[in-house]
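Participant: What follows is each chain in one-letter form.
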Amino acid sequence: MNITVTVNGAEHTADVEPRRLLVDFIRSTLKLTGTHIGCDTTSCGVCTVLLDGTPVKSCTMFAVQANGRSITTVEGLKQNGALSPIQEAFKEHHGLQCGFCTPAMMLVGSALIEENPDPSEDEVRWAISGNLCRCTGYVNIVKSIRAAAAATKEGAPT
Amino acid sequence: MTTTAEPRTTPEIGGLGHSRRRVEDARFIEGQGNYVDDIELAGMLHMAIHRSPLAHARILSIDTSGAEAVEGVLAVVTGELLAQYNLAWMPTLSGDTQAVLATDKVRFQGQEIAAVIATDRYIAEDAAELIQVEYEDLEPIVNPQRALEDDAPVIRDDKEAQDSNLVYTWESGDKAATDAAFDQAAKVVSLETFYPRSHPAPLETCGIVADVNSATGQANLYMTSQAPHAHRTVFALVAGLPEQNIRIISPDIGGGFGNKVPVYPGYVVATAASLVIGKPVKWVETRTENLISTGFARDYYMKGELAISNEGRILGLRVDMISDQGAFYSDAQPTAFKAGLFHIVTGSYDYPAAHVTTKGAYTNKAPGGVAYRCSFRVTEASYLIERLVQNAAYEIGMDPAEFRALNFIKPEQFPYSTPTGFVYDSGDYETAMRLAMDMVGYDEIQKEKEQAREEGRLVGIGMASFTEVVGAGHGEDYDILGLKMFDSAELRVHPTGKAILKLGVKSQGQGHETTFAQIVAEELGIPASDVKVVEGDTDNTPYGLGTYASRSTPVAGAATAVISRTLRDKARKIAAHLLEASEDDLEWESGKFSVAGDPESSVSIQDIAFAAYTNPPPGVEAGLEGVHYYDPPNMTYPFGTYIVVVDVDPDSGQWKVRRMVAVDDCGVRINPMVVEGQIHGGLAEGYAMSSMQYITFDDAGNCIGSNFMDYLIPTAWETPRFELGETVTPSPHHPIGAKGVGESATVGSPAAYVNAVLDAIQHLGVKNIDMPVSSDRVWAAMEQAETG
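If you're matching them up, the sequences are chains A and B in order.
Just so we're aligned, residue 0 is where the first sequence starts under numbering that gives the first Met the number 0, counting upward by one.
Just so we're aligned, residue 0 is where the second sequence starts under numbering that gives the first Met the number 0, counting upward by one.
FYI, nobody ran anything at the bench for these hints, they're computed from the structure.
The structure displayed is predicted, hence computed values, not measured ones.
Just so you know, even glycine gets a beta-carbon here, dropped at the ideal spot from N, CA and C.
Check before you lean on any hint, since a few could be wrong.
Incomplete in silico selection of chain A near chain B, CB under 10 Å [stated by the list, open to error]: (1) Lys30; (2) Cys38; (3) Val45; (4) Phe61; (5) Glu91; (6) Gly94; (7) Cys100; (8) Ile140.
Excised from the complex, chain B in its bound form (with noise of 0.2 Å):
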């Protein structure tokens, strides 16, 4: 086991593994923080919408002159104006369209109908609540399987070619390498489980303010986006305007965990708005306007199954499922992948066949299908293989963490090609699942459980061994809407030996400007704090597909580590001119080159910068800058084990978290401070999935979710206390071995916590319960146990 290595550099430099303090802090901490909410325009307008109460209805009329006569009101926009400039409709991150407002039916509730600006937000407000709708009802589809039928109206009757409910069937792996391992099989485990909608909810809700300029056409758009340059062509293709007079300045952006990446109805309109009146618009959602309409997470019905032989060793696979895509097909993932990386759901373990089949239904819900902290549905499928595995240990009588270790991939087998595809980069998973069962006291505890239950208390330990895969692309397979998943760095070392970093990617709350500042004073030795990192802002930073699926440490991170040795091959020519010497007999340590054999006869990286604009060598270009774009030779493939001990109380099914063991491995971590802060966030939310967060419908298709009071998010009274633990296995393909962590915990860590709960109470009978497991729901799995 290795955990972080001493740094390479000084804390003055505060390079690889030092624990800097974050520089964004500065401003959040004095409420000088500029978030778009914050942004005020000279002339600015505000934007209202008013939305669908029902889920499928089809619009017979729209009366809008209640509205239109409000003093303040300058338009009233709806569906029917829109499609004047061809803007009824837009394109999603996968490929269908998707209603800006709605023209012909509404298909969720909350579904956009007709926006009002107005001098003030109050007024517009007012004044959506007096447009009146007509609507003739229909059918409310609510659920999948009712979807798929074939007597079930079709929700998207305004595709063509769309005669059912269906989206598409996807699969991945070898059906018939599959069968034959089932065949084999000395035990099936199977299990059926629903991973429910759940909803990102930053604490900031989405939101835009457009300033498009009437005379020269140039939008200034400063939006809520954790993706600024793909919404930047995105909205080049669906507003037809000039790309180049399109810039998305996204500023500093309150939590996004993947609720930022779409482009929502509301940007568009109120872009348009701005375009036509000639002012400023802003629009900024209310918290139930981001639970009911925007990008919502999971919603997958799964089935799995496991071919076990004799000995306990895993010999294949089977899952089948059913994605509630809402009622636009709007998942924010590579093009070629339907299912997202859900067919990561081999896990972390040796076995030769798999395969996946998958169908996608549209619904009258709302269309998101984010990846909501996590990298494109790689949540449910460890939630999934990390709960069979569990089950699977109980009925063939094993220890469930023996189970794991016999089956684990080993060291030695990586890279390691798993049988739906995928190379994992590096592992050494049973390393892990030791250190957290010896940081918890497994032994002790699983002795303690059967102690209690004689005392009739209720104890369970739950795990979670967890494969994650992260940092797409390579661009070759992976691409949205056509756009390789590269992305970029561009840097400037100034003739002061100072720098500014700019990024494709984007923070909403990572600390990429402290950290990534860490990666250029790793490689060229200026001082972290010398280096200033710039992103969210189209006009100012080089292209690049944004934050999400934890891809700013693999790919932007790399892009960084490129650019700076770059540089550093440059600044070995200046050197060599300077020194007089050979360029072959330059030694480089941290910050300088020196002659080898010759100390004394050094040069530093800031009096090499200042050469490099005052006296280049003959024939070397002036400067000390450039951009690099990084296309990943692979994905990176964080791990870890998570271990959650409970107390169920048998007569309420209340459970508590008595201990949360974390041990992860994100390869080579750049400030161990930050990965922490990352990976108790993740904790949290996977506590928030795995308890309480919940949104599901009624019959009628009436969101339950619809605000923070039935929306149900963790205070810090609720909230376990974490312990963590490290392991540190580099990627080998990555310049500086990381693989990313921001949304392991998220991951991993809803399959541990429920594992928990079911260990409590699986002596009783009782195999499954979906999330959220509250304490009702696990009183019932007891009480219908016991009654058979």
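One chain only, chain A, in its complex shape (with noise of 0.2 Å):
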């Protein structure tokens, strides 16, 4: 069946099978490889986006489901230009390591800091409890999020 999506801000209008998963039409159809696959049980998380601005992972909707919804992806982080502090913050805290589950790791940490601008530590784990890594144990990933918080704090306009 036909859909409309927007990605990054782009419309996509395609024709997919109604199986076919949102993260294998991101993957697949708009070859945005940024978005990975992990496991087959929503356990790890290495396949999440921003639907309307709140992380879900692709791996357990279907592409239809999306249809007239609007998604973000890592490829759309960087603005203008410029990596989004949320980037900035993981390459600065040496917050990624083999760079798998990373993506979704900035994903949601820069939706939390939407939400709540100078997240805890435990809020900044609890809300990344969704998403595994094998690699930092964590520590740089929330060390990250929270860099991320205060220098987003310090660059909005008062």
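Quick one: dock chain against chain with the hints and give me the complex.
Facilitator: Put into structure tokens, the structure is as follows:
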């Protein structure tokens, strides 16, 4: 069936099989490979994207369910050609190693900051508890998200 | 005690000791990484595998007609078809054989039976489900004790000489000396414990895009490979393809932890299919396929005994164990060592006698035995000795820290020869332990423990003072399938002074592109940002054995330092020519040569590089490049002490880590930020193994732990907070004194977590709880102890 989805600000219309998962639509049809696949059970979270600003696991939605909605993937994080505070913070604070969970972690982090500009360590840990990481022990991911929150606050217009 | 020294280079040069930000991050934070599943080639087909639902059964028939009838299916591959190309079986890294696609029997649940090649992954998966296999049930053998009984059915009846399920027996150390030590002992302390099956479970599963050109025979294989060169050779041997026509490209890897060391049947089938069909074929595992069929780890049943004198000195160690190997013996480890480097089990302690015996058994479980974030069974060894030492201290009424201090190998005893044949290069165990004790406030916690019990609370403090062995070889003793365990670095300095470094190893997140450039920066004074690091392409890098067993820094890092120094020697000749001075009169200071006593007369490494191509000295070969194959004189022995404090709920058995202090000594640290990141990750995986990660099987051989809802990985919410400390005892034989750190925390920490939980309840008489130490097991152990 035909769907129209806005992804990173650009509108895409495509004919998709009703059973096609959103993650496969994003990766295979739109060729946006920054969104990854890590499990079959909605457990690992590496496929997380923002659906109208809210983190969702794109392996647990059909593409057709995104019809008429707006999606942000990691490729949409840069603003006006510059890295966003969350991207800068992950680089500065060594928030990634193999990079496989990173796009999802950054998207969840940015959605959290949008909602809660000054999250505590526990609030960050709870927010990312649907996303697994095997490399970092989460230490520097938490640090990166909190640093991004501080930088966002600092940079926000008063 | 020493800590990381001030860097000798400026931040602009970025040599050793700088927490240089990572080069590889730029692509990952923009979603521009390039993992195997991101690769898409023109005309690419997709493969899905039909797997056995049974653990042990004879195959009576395979009907592929239903799958073949599906629109979009190009081929269905069976073992019978592969047999025509002599590909139905393949060698394992341990010299055993493994079925690529089953022809006679299935030997574990999830074993590969047939593969569907189709135009789309969805179609391939649909069709794979339509394959019908008729089985005759056989007794599934799910534990090695049963496997070794006389009347157990022989799992590997495909092997002519195999009349039992015994894979090997292996021993290390001196039995007579150990028996004598036990005869003299005032006390013998024993512990039987099971290190359960675990799985590395990197978030990216294993996969391949096989692209074989039917006209030229050129095979480009994009693979999740931690060891691309070794895999190229294995492919040449398995498939009979000429090795020059095989190019293994290992692109970005989403974590490995040992899981991406073996060659898996899916790789072979996809390559064969591409060869026959003449189009690229992609195969990427689902998570369930990853957990049920690829390289598991551990699965060791261990019994250890310590002989102890009246004074509390350890006199000897005796270990007997059984290793559950699964259906095919495919440990990825040095040929001569059937139980890997488990004989490091003597640990950080000084005693004259040890004897280790092992039996390996075939069972109806997935093969693997990979070194999951450890250097070939070192995790199991470290766990056993650190659990034993803690229990011994309780039994003789000594404080566990003081018992360790009394028995530690002392700094002046290095190099230290162990009773099982290792020669530890350097160490200062007590300093690391005392630092960890100071950081955690050891004495105060011990006091609090007493008081807590009076208040009805349970507090435990546990430690592990581990010694690891990493960085295999040397090649004389260590090889994989005959390939000596050296590694390599090729350095080319271009005319403009920029350089490219090519390595035989392959990062899976460790940050080689950042840290190896720092070694070149230190040795040649070329800014690290001017050094590009290339790995994971066998056509464009020198041969190496790959990245696992913490061997990249000890072996390829040494190769990098040596080739950098070789080029510096050549640079001296060129500098002498440019400065019209004698080589002997030149002084080297980060990035330039100057004439002694005349610092104004100097020439930079960049000017020297230009001259190497434009104005080489007469009689000196042009260019500034070279390659070095480094065969280490010994392995390196990182160590440290980890201390965990837990609060245990006496009613439910739930436990929570209150403090986790980790003091690591990995010798000289190339990039402290990256080192700490490695330790964080290892401590989290140690926690995972001790508390929840667990693969087990029911009596029928069904894998329990076949997805992330059953095989539990800690989230940020459960994972403890970590406090890190360091001491620095350089390796005396490594060119830059580094020892490797990627696995220390996984090796050392499980015993610390488990010792902490047991410390909280040992006064009740609980001596052991097997991992994972889940709250229900703690509760049951307390109940049982209290009711007797």
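Participant: For the hint on Gly94/A, just tell me whether its beta-carbon gets within less than 10 Å of chain B.
Facilitator: Constraint on Gly94/A satisfied, holds at 9 Å.
Participant: If you take the shortest Cβ to Cβ gap from Cys100/A to chain B, is it below 10 Å?
Facilitator: Check passed: Cβ of Cys100/A comes within 6 Å of chain B, closer than 10 Å.
Participant: Would you settle whether the hint for Cys38/A is holds or violated, based on the nearest Cβ-Cβ distance to chain B being less than 10 Å?
Facilitator: holds, 4 Å
Participant: Taking the least C-beta to C-beta distance, is Glu91/A closer than 10 Å to chain B?
Facilitator: Holds: closest Cβ of chain B sits about 7 Å from Glu91/A, inside 10 Å.
Participant: Given Ile140/A as an interface hint, is its Cβ closer than 10 Å to any Cβ of chain B?
Facilitator: Holds, because the Cβ-Cβ distance from Ile140/A to chain B comes to roughly 7 Å (cut-off 10 Å).
Participant: Report holds or violated for the interface hint on Phe61/A, using the least CB-CB distance to chain B and a cut-off of 10 Å.
Facilitator: At 12 Å from the nearest chain B Cβ, Phe61/A fails the 10 Å test, so the hint is violated.
Participant: Please check whether Lys30/A passes as an interface residue: C-beta within 10 Å of a C-beta belonging to chain B.
Facilitator: holds, 8 Å
Participant: Once the shortest beta carbon distance from Val45/A to chain B is found, is it less than 10 Å?
Facilitator: holds, 6 Å
Of the numbered hints stated above, the single one contradicted by the structure is hint 4.
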